[in-house]
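> First to last, the protein sequences are chains A and B. Take the first sequence: its position 2, counting from 1, is numbered 2 in my numbering, and each next residue is one higher. Take the second sequence: its position 4, counting from 1, is numbered 131 in my numbering, and each next residue is one higher.
Some hints here could point you the wrong way.
Claimed, not checked - Think about it this way: if two alpha-carbon atoms lie no more than 25 Å apart in a straight line, the pair counts; the simulated SDA-like pairs of lysine to any residue are: (1) K255/B / K47/A; (2) K47/A / L75/A; (3) K36/A / G187/B; (4) K100/A / N229/B; (5) K195/B / T81/A; (6) K173/B / P33/A; (7) K195/B / K47/A; (8) K173/B / F206/B.
Because the hints were derived from the structure by calculation, they are not lab data.
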Amino acid sequence: MFNSNFYTLKQAMDVSLLRQNVHSLNIANVSTPGYKRKYVAFEEFLKESEMKLKLSKTNEKHLIGSESVAEPLVLVDNTTTMRNDGNNVDIDYEMVQLVKNGLRYQVLTRLMSLNIDRYNAVLRGVR
Amino acid sequence: MMSEFDIMNISATGMSAQRLRVEIVSTNIANAETTRTETGEPYRRKVPVFAEYLKRSMDGKIESAGVKVVRIEEDPSPFRLVYDPTHPDADENGYVRMPNVNIVREMVDLINAQRAYDANVAAFNVTKAMVNSALQIGRG
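I would like the entire structure built from these sequences, with the hints used as guidance.
Here's what the structure looks like:
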């Protein structure tokens, strides 16, 4: 009954929340010796999943399979070192990414609201 | 799966760790000239040891939940020797053993801790804005 916008937006918001988690972790551990920064890989997988073949339905009783096409993954960046103590958190980069991610989340919530408004308009028959 | 409130807790662990660091730096600065302590030795510079805080989540996976101070250690570096025969704690050659605290280094550490604290506060505020905007969904 509902279009897939709800699902798409939900997934985007979930990934945004996960990113927030990871950036907060990196910022909290900015002075922890030996800590390596974490990051979320998602867009790469999304592109990959677009290229995958999807099962076609020849009968309406066929199952559509899992709707989730890509799952975000938290990875650890072991390749760099910023300081003598082995920590590789770049505080400026993390702050900028954190603020960007917060704004992106607000855009997504706005889109979600607009999506709901469209259904409300149809249900009430008024604009 | 974490919630917004877990993310806020992460920032809180960061804030409390940095606050403890400021407290320890203050203690070091206050005791920069202390030649007598309970052990009879001059004051030794204290250093907080930070470690990643790992927690077992509901589904049994070990996940990172911020930072914690595992212990407060003492700097084993040698004491400063200052020549001052008039000092009551001077040895037979006139040298006084002073704490191994370097004020300049402590000040740098203090500013570092303050900036890191500010960064955690900023992260908390962004998370709060995200929760607030999520609460506005469907309100038109």
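> Tell me the hint numbers this structure goes against, listed in increasing order.
Of the numbered hints, 1, 4, 7 do not hold.
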